[in-house]
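Asker: So the sequence lines, in the order shown, correspond to chains A, B and C. Using the working numbering, the letters of the first sequence map in sequence onto residues 1 to 288. Using the working numbering, the letters of the second sequence map in sequence onto residues 289 to 653. Using the working numbering, the letters of the third sequence map in sequence onto residues 654 to 943.
These are computed hints drawn from the structure, not numbers from a lab. Model, not experiment: these values are computed from the prediction. Note that beta-carbon positions come from the ideal geometry of N, C-alpha and C, so glycine has one too.
Which residues of chain A face chain C? A few of them, derived with a C-beta cut under 7 Å, are:
(1) I15
(2) L23
(3) F26
(4) P128
(5) L131
With beta-carbon atoms standing in for the labels, derived distance ranges:
(6) C/V802 <-> A/K78: 25 to 35 Å
(7) C/I683 <-> A/A273: 34 to 44 Å
(8) B/K465 <-> A/L199: 38 to 48 Å
(9) B/V462 <-> A/A119: 49 to 59 Å
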Amino acid sequence: MINPHLSMNWQRVTIYICLSFFLIFFLAPLYVMLVTSFKSLEEIRESSLMLLPSEWIFDGWMKAWDHACVGLSCNGVKPHFMATFSITIPALLLAVFLGAINGYALTQWKFKGSDLLLAGLMMGCFMPFQLYLIPIAVTLREMGIFGTALGLILLHTVYGVPLTTLLFRNYYVSLPKELIKAALIDGAGFFRIFFQVVLPLSPSIVMVSVILIFTGIYNDFIFALTFGEVGKQPVMAALNNIVNSTYGVKEHNVNMAATLLTALPTLLIYLVAGKFFIRGLTSGAIKG
Amino acid sequence: MSLSINNLNKTFSKSLVLKDINLEIEKGEFVVLLGPSGCGKSTLLNCVAGLENVDFGGKILINKKEVTHLAPKERNISMVFQSYALYPTMNVRQNITFGMKCRGVPRPEMEETLKKTADLLQIGDLLDRKPASLSGGQRQRVAMGRALVHKPDIFLLDEPMSNLDAKLRTEMRVELKNLHRDLNTTIVFVTHDQVEAMSLANRIAVLNHGILQQMGTPDEIYQTPKNLFVAEFIGSPKMNFLPGVLEVSNEEASVVTEFVRFPVGHYSFNETPETGRAVTIGIRPEYIFNHESNPKSKSSVCFEVVIRNVENLGPDLSVFCQLGKIQLAFKIPNSGNKPKYNDTVKVWTELSECSIFCLKKGTRL
Amino acid sequence: MWNRSYLLTSQLVLLPTLIIVVYFLWGFTIYTGFLSFTDSKFLPNHNWVGLKQYYLLWSNARWLTAYGNLFIFGGLYLLICVLLGGLLAVLMDQEVLFENLFRTVYLYPMSLSLVVTGLSWQWLLNPTLGLQKILNDFGFHGFALDWIVSSQYSIYAVVLAAVWHGSGLIMILFLAGLRAVDEDIWKSINVEGVPAWKAYLWIILPQLRPILLAAILLLTFNVVRSFDLVVAMTSGGPGFSSDVPAKYIYDYFFSRSNIARGAAAAVCTVLTVLFIISPYLYFELRKRND
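Chain A with its partners taken away, still in its complex shape (with noise of 0.2 Å):
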């Protein structure tokens, strides 16, 4: 199984060569942080930033989990998991949801505005959020969940259901249309054909959109920063917070336990479920 094209020559070496440097280009930050969270505070400042600790300490994570302070509140980051998680699993799901009847509903006729309606959902995925804010401010005081988990939700449920209806729009596109039919003669309605028919062709998509959505509201600063409820903003408004916060020393070690713990959940995704992370990130490159 010897294949002639792998035979080492100085093109193959150039290649190599090339690949692992931007190998260590990539991972270098990664493993200056994840080094630097076990070091104390007088072996950063004394050591290489690229040496391993000379004693392996796990005082950065702990407080780093429980008792770093945002803001006044010093309770570290684990009740703003939380609030994360109570965000975005239900817009999540509602984003998903919507988005899966939505992206069919679609396939199903074609109207007058039809064209128009794709464009807008487009546009929701590309305008940049700074054109929303204040009428969503204002929207939010008006309904009084301003600050709140719901107002979050509220907020990562619309803003994520344009992108969730194209992606189920572009895989529904391709389902043959005798499938409905045949439902349609059978004497199935609308629901009955999307619940049973539909979706359970569908998990490739469905997980897709969820990875997707789940690291896009995961990993969300300027909502979270701006109406994010107080002593519980979701994490990256509680990360930024802590480490670019302006008092007393900078405990570096604890800035990095932060950051890698927050960075760990999307992380893990990426690495067990990277083949759906990899196609949810070009999907909407390839039907263009």
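Following the hints, put chains B and C in place on chain A, whose structure we already have.
Answerer: The following block gives chains B and C in isolation, referenced to the frame of chain A:
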């Protein structure tokens, strides 16, 4: 049950795809809608099923009751699709019972119907399998089963055999015919395959460009095609056409072509023949014989042709030849001397079964 | 087509989406646009002042810096991501061993938030403790990697972090495109003896135009939303040297209590991006339709 379609019109993005279709189908009939792809036959079937809107006038009646704007499930029809459209995530049992569940059939009755249908179609041992693990023929049986359990008034089949290989298709034809005999339901069957149409149908409706060209028994369609399209579409090799002029003298009509004069005194004209009318005479390949057999009847004519190609079909030979500039084809038994390329051969034709068309309008005279 | 109750249901189902599009997207955009013509301060009001906010905006030095940075950041980010992503994709297309490992590593930053990215690069580029220190320790004494605290180079530090975050995505897009190239084309390239680099440059890469379009759209979208990275990494500093429109708008909305000015900045930003991207989009899509 009976099906009638009155003055049906259908448009797709402003162009008419079905023009003024009228069909009367009796209870228990097996009717085939036949035509080239894009002729509107599937659209017509979808209209009957309620899967397409009737948006430009016309009525559909099932069992004398108007159903033009009813939902598919309110029409008591069922349908088998070209791709079978089995639900991929359900097993065979769920595929077959899905419709009954939708219609709220009580469980014991459902089980009984399932069992009966499975026995009838011999798919009892496939019930727990998913469609992906079935062969083409098995999928087709399941699709038939799914359609049968509704006990429909009318069975609609949309090219259900075009995904099968040739051998299986022949078998399924026989089975379908038997099934029809046993169940005695009304069947409307769409196909572009004339062999399927001829072998299955009680009556065939030929469509082209959204217009119903002719409706009749297979024999009528084959022997007395109403126009040039039907004549050309049915039969293989296709009917031979020789353009000429009508001549009537002494009450005897004949068609005069460039090289041959065809006496057609016996022909029963729909219109009174007039001398000088431009016509085309159509002769089926099986009514042209080579010189080894002798012409006996009065209505036969001899002429010479040049052989261009000979196809060996086993029992028969298809011979393609030229008369002047006109291409002709005929069939002879595969025995004795085979005609060779470039031979000039004497042939004769039997005119008792010929067709005469108006050259301009294409209609049968 | 099809029957009425089915169609009616499918239309009703779309109602929430219609509300989202009309109210939360179009409505909000129009409202923000409207606010830019008022003198709204801490709260939105409806006092029409014409183009005053735009006049003030364009005579504001901080805005001019932020607006300029949009081009520096956007231009460099797009260029480097596309070049680096393309290079990595071509390298990865050489039947390399451990392809999965390389791909996983190149793409993982994409799963991290921009806040995390910003914070880790802030740490790496920290002049007293970060890379500069390492290099100085190794004996490169004159070496200075102090972009992040330099008012001249801070925006380039942001570009570096953004490239680290985004080029893996471009790599994966291009790689998918390269893998989709018809094998017969490679066969004929080999038969005709075209050198590999020429083949890539003149035959293979030009086929990836649609992917390039998608990549540029995705990256542009990141440029416009660059708020998170800048806030986490430099907070726009030192001074306002690494400010970008996204942060400028946010500050005027929420900490400077000048909603109208922020709205005017938002309108200018969106119009600028549309102005640059639409001719390209139009050109590419028309070419594809031909």
